[in-house]
Structure formats: structure tokens, C-alpha cells
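Undergrad: Going down the list, the protein sequences come from chains P and L.
Note that this note's numbering has the first sequence beginning at 1, numbered continuously upward.
Note that this note's numbering has the second sequence beginning at 1, numbered continuously upward.
Just so you know, these hints were derived from the structure itself, not from any lab.
We treat Cβ as the ideally placed atom computed from N, Cα and C, and that holds for glycine.
One should not assume that every hint holds.
Beta-carbon label-pair distances, calculated as ranges [to be verified]:
1) L:Tyr440 <-> P:Ser197: 48 to 54 Å
2) L:Tyr457 <-> P:Gly31: 33 to 39 Å
3) P:Ala194 <-> L:Val432: 31 to 37 Å
4) L:Asn120 <-> P:Asp140: 43 to 49 Å
Below, a list of computed lysine-lysine pairs in the DSS-like style, where the Cα atoms sit at most 30 Å apart [to be verified]:
5) L:Lys212 <-> P:Lys70
6) P:Lys66 <-> P:Lys112
7) P:Lys179 <-> P:Lys154
8) P:Lys66 <-> L:Lys276
9) P:Lys145 <-> L:Lys174
10) L:Lys438 <-> P:Lys105
11) P:Lys66 <-> L:Lys482
A few chain L residues that don't get close to chain P, going by computed Cβ distances all over 10 Å [to be verified]:
12) Gln10
13) Pro34
14) Asp175
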Amino acid sequence: MSEDIIAVLKENVIQGRKTQDDEGIDETLSGTPGVVELTQQALANNTPPQTIIGAMTAGMEIVGKKFATKEYFIPDMLASAEAVGAAMDILKPLLEASNIETKGKFAIATVKGDIHDIGKNIVAILLKGAGYDVSDLGIDVPADKIVEAVRNEKPDYLGLSALLTTTMVEMGVVIEALKTSGLRDKVKVLIGGAAISDDYAQEIGADAYCMDGFHAIKLLETL
Amino acid sequence: MPREGILIRQPFERLTDAQIQQIHQASMDILKNPGLTSYNREATDIFQSNGAEVTTITTGDNPSWHISIPENLVLQALADAPKTVKLGARNPDNVLIMKGEEPRVFFITGSETNIWLDTNFTTYVKKSQPGTEIQVPEFTPRRGTVADLCNSAHVCEHLDTLDGYIRTVNIQDKDITEDNKDVNKFFASLNNTTKHVMAGLTSLNQLNNVIKMAEIIAGGKEALRENPIISLITCLVKSPLQFVEDTTDTFIEVCRRGLPVVVSSSPQAGTTAPIKEAGIMAQINAEVLAGITLGQLVNKGTPVIYGSVPVRARMDTLGDSYGAVETSQYNIDCVQMARYYQIPNYSTSGVCDAKIPGQQSSIERLFSNILVTLSGPQYLHCAYGLLDCNSTFSLLQTVLDDAHFNMLKFFLKTPNINQPELDIVKQQIQDVSQTPQKLYIRYIRPMLRRGEISAAYPFEGNGDKDNVFALAQEKVNQLLAKPVAHINPATTATIFSEIPGLLPRLNIYKEERQ
């Protein structure tokens with residue numbers, strides 16, 4: 001029974017169905033349990049959280065392959081990631097109670113002066129779907145607030161986003177503020193946005209430039 | 001179910017109602033004076049016996065007559081001509097129903113070119129960086145063959161944007177003669193596409209064989225009348241204002257048989273028609289009306305199509321300039337004139353001056369394709385694959401054009417805006433505004449799966465690499481490898497036993513075919 005639920009759970013991750021109301025790719029599934037309901041059912045059957053995470057990870061790997069072969073588009077990838085993220089919210093207290101570690105804690109923000117958050121939000125969804133514990137600090141976040149969050153929340157990674165050439169300089173300000181506060185070596189800083197490049201990341205002393213959310217996930221595995 | 005085409009709800013129009021009336025009246029005046037010069041005895045007799053004033057022209061080597069066509073004859077013919085024309089097809093789902101007053105556009109190939117353009121890719125290495133290579137398409141022109149025509153019809157069968165097929169290439173094999181060209185070009189086309197097939201006739205003495213072949217395929221005389229899987233295009237009037245001897249013979253005979261027929265005129269502004277828009281319009285309209293009138297006098301109720309291929313002269317060569325902006329203006333004007341008469345219109349777009357696929361070709365063809373489509377002609381000969389005016393055909397360009405028409409068809413869809421839709425999106429807006437990310441991305445997927453979101457350009461390269469031609473060629477190869485529904489073996493056997501002149505190698509069921 002539990003094995004069946006796990007197989008269906010994996011399939012629903014591939015389908016990108018967060019809840020029973022979602023259509024997914026196969027429209028006939030509408031009305032049947034989605035990832036959230038299946039996660040709850042699996043837990044009720046005493047399935048270990050690690051088994052649930054394993055099934056979701058396997059599902060996401062297939063989603064990634066479908067995206068690479070252009071069978072899936074970004075909305076499909078995001079739907080799957082969103083479904084996994086919702087399941088992770090359910091599993092989080094159990095993981096914490098069992099001292100099971102996530103892939104890492106990731107704080108993310110759009111820097112001061114910039115209110116563009118589409119990219120940041122997509123990256124946050126994808127990271128959550130990939131198993132990271134994501135803390136979204138919001139938009140137009142000044143450097144001192146970001147430093148404060150790093151100090152208090154102790155994330156392993158800090159993602160900074162900016163769309164405009166006029167606001168990307170604020171990323172350098174944040175990195176300088178981290179140095180001044182003695183926190184620079186406590187967190188890996190990843191930056192991204194339309195105007196950002198590898199060269200700019202090096203120039204301001206960031207640890208990496210991420211082209212997009214998928215690039216970020218791959219990169220995080222190497223940092 | 002017939003093909004839907006694209007209904008243009010608010011057609012783009014250049015002419016006012018008053019201008020249409022003025023052109024009409026000018027055409028009536030022209031038909032009366034100077035009238036038409038006729039090199040065809042039978043047409044002359046038909047007009048004369050119906051009240052037209054005829055005088056013999058005594059100058060010149062060939063017998064010819066001057067015909068002054070009275071307005072009442074033309075108006076009666078316009079009243080008699082069917083306002084709806086059906087073009088049949090081997091596959092009933094590919095039938096075209098064209099209503100003269102309805103701006104529903106069907107996209108069609110054509111016309112017949114002499115040159116077939118092969119595409120091959122050569123690898124070039126960058127001198128300063130020998131590790132850097134690029135694939136460059138090289139285009140090789142050669143004379144078209146019957147095998148090319150088969151391949152062209154085969155690819156066109158698989159292009160969803162294409163509604164009908166006008167033969168694209170003149171077959172010039174060594175064993176093709178004036179006497180067997182027609183049967184072979186019609187068979188090659190019909191055997192490789194289930195869409196409607198239109199072509200011109202090379203030799204009138206082949207008309208019987210062509211019609212008999214069509215009857216065998218359609219299932220008999222009556223079946224062909226009900227489902228005319230072929231139609232003819234005739235340029236009986238040579239500009240300015242001359243009934244040509246041989247094509248007028250063909251036209252008269254086609255009308256007698258009752259097959260759908262295009263009365264096509266192709267004046268060139270500046271040489272065979274006045275350079276002024278008012279001039280070419282008054283003349284081409286007079287020329288087409290003269291043909292329509294003859295058709296109705298021969299056989300009242302003949303399904304005729306108002307065929308317009310006006311073009312401006314190039315200033316450097318005085319050749320046709322299909323890429324000229326004025327050419328699109330003339331075509332749109334003709335669409336309006338045909339709609340005024342409520343007779344289905346054969347119009348022209350997409351023909352370009354460029355000799356090979358590339359930027360010039362794309363710009364010229366897309367410009368006219370968009371504008372002329374928006375004017376709402378019924379039968380739009382939009383030149384899939386045509387290059388160098390009407391001289392060259394390229395399969396690579398054909399699939400590039402298909403991509404353009406996919407975009408155009410998507411653009412012309414009726415907006416789905418109504419109260420239920422607005423209620424749905426209001427709910428979406430409320431729902432999303434309560435989420436932390438405030439993104440609507442999750443609503444994309446159902447629309448994406450239902451094909452309600454336009455596709456990306458199909459030949460897009462990776463990053464800054466332009467792979468358009470290489471990807472388009474891949475598509476050509478895929479389509480050629482995809483089977484088509486050929487005429488069945490029994491019907492094919494009947495055709496080959498009853499129709500003389502067919503090349504044995506076109507019989508796909510004969511193992512010993514070359």
C-alpha cells in the first residue's frame with residue numbers, strides 16, 4: 001500500500017500536481033490526490049519522511065530530463081517544484097524533530113532600490129522544490145536587513161537578485177556590509193539578474209553568478 | 001468537414017466604397033472602349049452572338065478581332081456566376097468552400113517554377129580560430145523534375161497551415177513532352193497530397209485524360225462534379241486586354257466541362273498596365289471581368305474564381321517585382337473588387353524578389369503575406385517556397401513559410417474574451433494576490449497543453465547561434481520520411497491502364513519501376 005502511494009507520489013511530482021484540484025499533464029488525474037494529499041496519506045501510513053523525499057527527488061530528476069529534452073517547459077518545472085515545496089512544508093517539522101538535515105538553508109532577496117521579483121520568486125520555488133530550506137527576504141531589501149537576516153537565520157547560502165544596472169551595484173554594498181560585520185565567510189553569496197555576469201560576480205567578490213534557477217541548483221551542488 | 005481556413009472578421013481595406021464604384025465603372029468603360037483584342041475565333045464568335053460589337057483587325061500576321069463588350073453582358077455574367085465555389089479533395093476533410101462575400105482565407109502553394117533549389121550544408125572553419133566551425137547552406141539551382149513535384153506535394157501534404165496545392169514546379173524530365181506533361185503533373189500531385197490540386201493545362205488535347213484521371217480517383221463523373229478534386233487556372237487574357245488564342249481555347253473547354261476555373265490576369269504596372277494604381281486596377285478588373293463574362297456565356301453557372309496576380313515592374317530590369325510594396329497594394333485592391341462582386345478571389349502574396357532563402361526573402365514575403373491575408377481573399381496563392389519571383393522553388397523555404405503562417409494563423413484567432421472567461425480570470429487574480437510569490441505561472445500549463453499559447457519559433461538556435469536553415473532542412477527531411485496517403489493500388493492500376501502517357505516510375509506499386 002505504502003509502495004503504491006510512493007509510486008503515485010512520484011508520478012504526481014512528474015505531473016506537477018500540488019493538490020487534487022490541479023490538472024497536471026494528464027487531465028484525467030484531476031480530482032485524484034496530488035502531492036500534498038499523497039504526502040499526508042504516506043505519513044499516515046507511517047512512511048518515513050526520507051522515503052517520501054526520495055520519491056520526490058526521483059520524480060524531479062525525471063522532470064529535469066523532460067525539461068532538458070524540451071518536452072517540459074519552465075511552467076511544468078515550476079509546477080513540480082511547487083508541489084515538492086508544499087510537501088516539504090509538511091515534512092519540515094518532522095525532519096527537524098528527527099534532526100534530519102535538509103540540503104541547506106538559502107536566504108534570498110531582491111536588493112535595495114529594485115522591486116523586480118519574478119526571477120527571485122522562480123529561483124525560490126525551484127530551490128525549495130530541490131530540497132533547500134528557503135527564506136525569502138522580499139524585495140527592495142536594504143543591506144543592513146540582509147546582514148541582520150544572515151546573522152539571525154544563519155543561512156548556508158545568500159541569493160541576491162537585481163534586474164537593473166542601476167541597482168546591481170547594491171549587491172556589492174551587501175557583500176561589503178557582510179565583510180564589515182564579520183559574516184562574509186559564514187555564507188556563500190550567489191547573485192543573479194538580467195544585467196549580471198560572471199565578470200561582475202568576480203568584480204564585487206560574490207561566490208558565483210547564476211544564470212537562472214536551474215543553473216543555481218546545479219551550482220549549489222558544487223559549492 | 002471542410003477545412004476551416006481563417007475567417008478575417010474585420011478585413012483590412014484600402015479602397016473606399018466610392019473608389020470601388022469608380023474602378024468598376026472605369027472597367028466597364030474600358031471593356032467597351034477600347035475593349036479587348038481577341039486572337040481566339042471562338043471567343044470572338046461567342047461574344048458577337050451575345051451582342052458584343054466585333055470588328056476584324058486587318059493588320060498583323062495572325063487573325064484577330066476587336067471586341068467591345070457592353071456593360072449589360074458583364075453585369076449578367078456577374079449575376080450568373082456562382083457566389084460559392086467548392087474545391088474538392090481526395091480527403092473530404094480537405095475540401096474548401098469559398099464564399100465570395102465571406103473573407104475566409106485558405107492558404108495555397110504555387111505557382112509553377114522552372115527551377116528547383118537544392119540545399120546542401122558546407123562546413124567552414126574560421127581562419128583565426130581553426131577550432132571554430134560553422135555550417136553554411138549552399139543553394140544549387142537546377143531544372144525541376146517529376147520526382148521534385150512528388151516531393152513538393154508530399155511535404156505540403158504534411159504542412160497543417162496549407163489548405164490546398166497548386167503545382168510548384170514545372171516537370172522537365174527528358175521523357176516529359178507537351179503531350180504527357182499534364183497527366184504526369186496532375187498524377188504526381190494527386191498521388192502525394194490529399195488536398196485540393198490546382199494546375200494550369202499545358203496542352204488542351206490532354207484535358208480529357210486529366211479529367212478522366214480525376215473521375216477515376218473521385219469515383220466517377222458525378223462524384224467529380226460533387227467533389228472536384230482538381231481545378232484549372234487559365235491566363236486567357238494577356239495584358240493589356242488581349243484574349244490569347246490557346247489558353248482561351250482551354251478556358252472555354254474547361255468551362256464546358258463545369259470544372260472550377262481561375263480567370264487569372266497578371267498585368268505589370270509600368271509596362272503592360274499603367275504605372276498608376278488607378279490604371280492597373282481599372283485594367284486588371286476589366287481583364288478578369290472579360291474572362292468571367294466569357295465563362296458564363298460558354299456555360300452559365302461555371303464556378304469561376306476572380307484571379308488576380310498584379311505586379312509592379314522592377315525599375316532596374318522591368319521584370320516583375322513581387323517584393324515591391326505596390327504589388328501588395330494592388331492585390332488588396334483586387335480582393336476588395338472581387339468581394340464587391342461576391343465572387344471568390346484568387347490572390348497573391350509571399351512571392352519575393354530574393355533569389356535564395358534569407359533575410360530579404362523573409363522580409364518581402366512576410367510583409368505581403370500579412371497584409372494580403374488581412375484583406376481576406378478566399379484562395380490565397382501565398383507562394384510557399386517560391387523565390388526569385390516565380391522562377392525558383394525551395395523546400396527549405398516552404399517549411400520556413402509554414403512557420404510564418406503558423407504565427408499568422410495564431411494571430412488571427414478570434415479573441416476569447418467573454419463573461420465566463422473574465423469571471424475565471426478575476427478569480428485567478430484574487431487567488432494569486434493572496435500568495436507570497438504573486439505569480440500566475442501555474443495557470444500557463446493547461447493553456448500550453450491545449451495549444452492556446454503560441455509556439456516558439458521552431459527553428460530557433462541555441463544561444464547566439466543561428467541554426468535556422470539547418471533546423472528547417474531537418475524538418476524537410478522529417479516530412480519527406482513521413483508517409484502520405486497515396487492513391488490506393490486498385491485505383492492506381494486503373495489509372496495506369498486507362499490513362500496514356502503516365503511515366504511508369506510514378507506507379508509506386510510497381511516493383512520494376514525505375
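Undergrad: Compare the structure with each hint and give your call.
TA: Status of each hint after checking the structure:
Distance hint check: the CB atoms of Tyr440 of chain L and Ser197 of chain P are about 29 Å apart, inconsistent with the given range 48 to 54 Å. For Tyr457 of chain L and Gly31 of chain P, the Cβ-Cβ distance of about 37 Å falls inside the hinted range of 33 to 39 Å, so the restraint holds. Roughly 23 Å separates the CB atoms of Ala194 of chain P and Val432 of chain L, a value that falls outside the hinted 31 to 37 Å. Hint check: Asn120 of chain L to Asp140 of chain P, Cβ distance near 56 Å, so the stated range 43 to 49 Å is violated.
Straight-line distance between C-alpha atoms of Lys212 of chain L and Lys70 of chain P comes to about 49 Å, which puts the hinted pair past the 30 Å bound. A threshold of 30 Å between alpha carbons decides the hint, and for Lys66 of chain P with Lys112 of chain P the separation of about 37 Å lies outside it, so the pair is violated. Simply put, Lys179 of chain P and Lys154 of chain P have alpha-carbon atoms about 15 Å apart, close enough for the 30 Å limit, and the pair holds. Proximity of Lys66 of chain P to Lys276 of chain L is assessed by CA-CA distance (about 58 Å); at most 30 Å being required, the pair is judged violated.
A hinted pair counts as satisfied when its Cα atoms are at most 30 Å apart, and Lys145 of chain P with Lys174 of chain L does not qualify at roughly 83 Å. For the suggested pair Lys438 of chain L and Lys105 of chain P, the alpha carbons sit about 23 Å apart, so the restraint of at most 30 Å is met. For the proposed pair Lys66 of chain P and Lys482 of chain L, the alpha carbon gap of about 25 Å is at most 30 Å, so the pair holds. The claim that Gln10 of chain L lies off the interface holds: its Cβ sits roughly 33 Å from the closest Cβ of chain P, which is beyond the 10 Å cut-off.
A cut-off of 10 Å between C-beta atoms confirms that Pro34 of chain L is not in contact with chain P; the least separation is 63 Å. The Cβ of Asp175 of chain L sits about 46 Å from the closest Cβ of chain P, beyond the 10 Å cut-off, so the non-interface label holds.
Taken one by one, the earlier hints fail for this structure at numbers 1, 3, 4, 5, 6, 8, 9, listed in ascending order.
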